[in-house]
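If you're matching them up, the sequences are chains A and B in order. Take 1 as the starting number for the first sequence in this note's numbering and just add one per residue. Take 1 as the starting number for the second sequence in this note's numbering and just add one per residue.
By construction, these hints were calculated from the structure, which means they are not laboratory data. Possibly wrong hints are sitting among the right ones.
[What the hints assert, rightly or not] List of simulated lysine-lysine pairs, DSBU-like, C-alpha gap at most 35 Å:
hint	chain 1	residue 1	chain 2	residue 2
1	B	Lys549	A	Lys549
2	A	Lys170	B	Lys549
3	A	Lys529	A	Lys549
4	A	Lys267	A	Lys111
5	B	Lys75	B	Lys454
6	B	Lys529	A	Lys529
7	A	Lys170	A	Lys376
8	B	Lys376	B	Lys454
9	A	Lys376	B	Lys529
10	A	Lys549	B	Lys529
11	B	Lys376	B	Lys549
12	A	Lys170	B	Lys376
13	B	Lys549	B	Lys529
14	B	Lys267	A	Lys549
15	A	Lys75	A	Lys267
16	B	Lys111	B	Lys170
17	B	Lys454	A	Lys529
18	B	Lys267	A	Lys529
19	B	Lys376	B	Lys170
20	A	Lys376	B	Lys170
2 protein chains.
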Amino acid sequence: MSRYAIGLDYGTNSCRSLLVDLDTGEELGSVVFPYPSGELGILTDPSDPHVARQHPQDYLDGIVAIITGALSQAKAVRPGFDAGEVIGLGIDTTGSTPIPVDADGTPLALKPEFAGNLNAHVWLWKDHTAHEEAAAITATAARMRPQYLAKCGGIYSSEWWWSKIWRCLKVDPAVFHAAHSWVEHCDWLPAVLTGNTRPDRIKRGVCSAGHKAMYAREWGGLPDSEFLASLDPALAELRGRLYEEAFSSDTAAGELTAAWAERLGLKAGIPVAVGAFDAHMGAVGAGVVPGTLVKILGTSTCDITVLPNSAQLGEVPGVCGIVDGSVLPGHYGIEAGQSAVGDIFLWFVHHLVPDSYGATVSEKFEEMERRLAALKPGETGLLALDWNNGNRTILVDVRLTGLILGQTLHTEAHEIYRALIEATAFGALTIIRRMEEYGIRIDRVVNTGGLSLKNATLMQIYADILGRPLQVAASEQTCALGAAMFGAVSGGGISLEEVQRNCCRMREVQYQPIPENEAVYREIYALYKALHDGFGLSGSTSDFSGVMKELIAIRQRQRA
Amino acid sequence: MSRYAIGLDYGTNSCRSLLVDLDTGEELGSVVFPYPSGELGILTDPSDPHVARQHPQDYLDGIVAIITGALSQAKAVRPGFDAGEVIGLGIDTTGSTPIPVDADGTPLALKPEFAGNLNAHVWLWKDHTAHEEAAAITATAARMRPQYLAKCGGIYSSEWWWSKIWRCLKVDPAVFHAAHSWVEHCDWLPAVLTGNTRPDRIKRGVCSAGHKAMYAREWGGLPDSEFLASLDPALAELRGRLYEEAFSSDTAAGELTAAWAERLGLKAGIPVAVGAFDAHMGAVGAGVVPGTLVKILGTSTCDITVLPNSAQLGEVPGVCGIVDGSVLPGHYGIEAGQSAVGDIFLWFVHHLVPDSYGATVSEKFEEMERRLAALKPGETGLLALDWNNGNRTILVDVRLTGLILGQTLHTEAHEIYRALIEATAFGALTIIRRMEEYGIRIDRVVNTGGLSLKNATLMQIYADILGRPLQVAASEQTCALGAAMFGAVSGGGISLEEVQRNCCRMREVQYQPIPENEAVYREIYALYKALHDGFGLSGSTSDFSGVMKELIAIRQRQRA
């Protein structure tokens, strides 16, 4: 008899499933469902580029499509496949992605009276409207509850739970007051599948609670009422309609209801794991253990590592989240990330690459990669900052923007693309250096996510800039794989160690840093860091008068 | 009986003629000849983006095409037209654009043994290979002959005469030693037409000599031998094969030879004026007088004004040239400029604008202009530096490069185009402010050149940023018009004042600054100036951490 689990991974533009054989790691089915609403699934507001919302109906339509699709594929691949042998279901999502819900747990956006009101919809992680609220929360916490900030990098972000909810209260009190409670996307879907959507019955995950809602057991859960009331009394009042306790994903959120089991073709009563964020489950799917950094390279990037919760670990400034149990039970989950990586490349290819590179987006990428691969480090003479969507780690500031310098009258699109890739790698190096400064050992880097699988040129540039060998996880769906693994483990019949051992594989290809490239990139990184600190650190003063000249000197040396 | 003159204007990518009626200002013929060699007439070297050379044969082929063409047009337009009533010919060119020639004045590039050797060709103004030599000349002059620097803005440029000749000596001594002399493009063409190509018979213009070769009557002409020998003894030796005296363009370089008269269909013996640079003759064609700044808006930009040479005028730091008689006889010609303006827009449209804006370059420009005209100042959130080809005035530094910041994931090409236009206008404002600081009054700004005629959106942005009304010269060929005017005046039968009165007209359209736009641009200019000084002034330190946030704040205010 076989044992299977299904993981569901809800991303920024689509959701996908993975059906895995828990004993062999074989992946038998995977289906993608692009969200039909808005622009690539995102509801935007032309008058404010910070707005990014989603429609909860897209999530529900996705469940059926991706699970039934994966089961069909499994039947085709393995004739004797029996859906009754699926022993658990796990779900990860983006976050912090809060949903305003009524007393039954129904999202306000699904109610006719709120149709068309973006504030009643899902506030997607990359919605940056709440930067004023984030700044006020940071200032208030610094004054009243510095311990809250210590665990989230010293700065509370506009991408997070309380900033967004408070923003809603300010700009659309009608929506705020109509919401009985708010639920993270990753907590709402397990609640739906297990029939536990009533807010007081939803099992909330410690991953989202700890990383985004300032939840910690050591201060009694969510931020206290006095603190919340000093932001706004309505937030203190909301606290009582949220939750007292949050759980790690080796716990079940409940059992699959008969109605859903029927619709999906699964066995009723199988466990659905407590939800968590995509990167955290992805890190587990990629085999995270202490000393390993898992980089999930997608539209944005998450960098995840773990440390046994017996270790002494203080505040790490600018590292967004350190939460007990958010990745592996018994370990601190340590999360960092870059607000845009693949998104910067997509922005560039959509808006600034002429058709001489190709007619389609993928032809343009291919031709640019072919041409930039022929360049040596520094040959472009360009240097960029990777801040088109702000900087999450280590500056934690959404009110930063992109920068590129070094352009001549000869600069071409593929050279700028190379500079943008390098900028994201310099951003990644800045994160690793910060972790190491504070005693978080990184022996090994495992990469996962689309870019690590598809873009060998990018991976080599990353190896040269990070200055260490890079491995790539074999699974193309590590987030969904991690979710599936937690689905299995939450039923209690199999341990996480065993599932990781069976299912986490590496690709044969490894990217080794090339010493002469490393040396040039060390020089360029010093310039990147100067711009990073000069534009990013309040009150810093800089002498930039040598930056352009040094880049020209490196370019001349590299071209010679 | 009518009086006509012909002006020839040799630009970066093409040359053109203008045949003008000196009594009415009517323009009867004008023909363009695109240089056939290289890329748009420029010979480049893929291994060094600083190389820009030209082929002298292109210049010769052009003469015939554009004069005979203009005469044909005049005959068509005015049936009684008689080419015998053309009383003079004048020529302007780009510069400093030196040509190595043999003892007969034949360019080395036209001799078989140097065919294909870029160093034996014409060193086009925008060739930037000689930046090391320029820096050494600046340092040596600062030590030995500070008076040489005082008149050229305090920094000798890699675009200029001695830098390029010295560079040639260093990188290709065979070419240097084969050259009996060197001649500016603007001096060589009148010499060709008047049969005076033997280097000792060429009448050199004071415009090129004074602005680019550190020539001044007060120190006995060209830099002295001791100074040149301290650069390289071979340069001191070359001095004896150059010239002792230089002339303003109201002087004739000689008389049109019978052979050329025959080929061109003109009367033999008419005067050909001493040559000068395009911008200087263009300023005269646009009606420059004291208090008027003429801006020639093309691939690069020249800003020209004049001051009676009886005025007290000290050094103006960073203003490249102040030369007695280089524009109007009896006046200091004051020249400033931006190394790339139209060239930046062309670079952008060729390399970074997707076909969604249109299939051709002009469709892309049109669509971008349509879309950017709908934006308010500051709405893009972007800020750029206009240094893709270095900065001529007021930093005089080719080792500077472009910069753009403020990009989000939503930034589109037309927004960047707007930021690039604004950057060039901020650069223009920086020049005017520097002149005014040093007592050069600017009451009136007259614009000429392609951009001033074709791009009303750009002109309005310029008016808003410069904060003063802008006029546009009526002639589409002010450089060729100025050349024609000098051709007439060099014969002695008509005064420059009379010709300016008859021929310099303004368009009816004037661009008035819009007060609310001016106010926003004053704020953004402060940020531009901070970046300008921070990246451009050696040893300056600044706090840049507010720049991105201030741009976001302005964007939000303007969009609201």
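Indices of hints not satisfied (ascending): Violated hints (numbers, rising): 7, 14, 17, 18, 19; every other hint is consistent with the structure.
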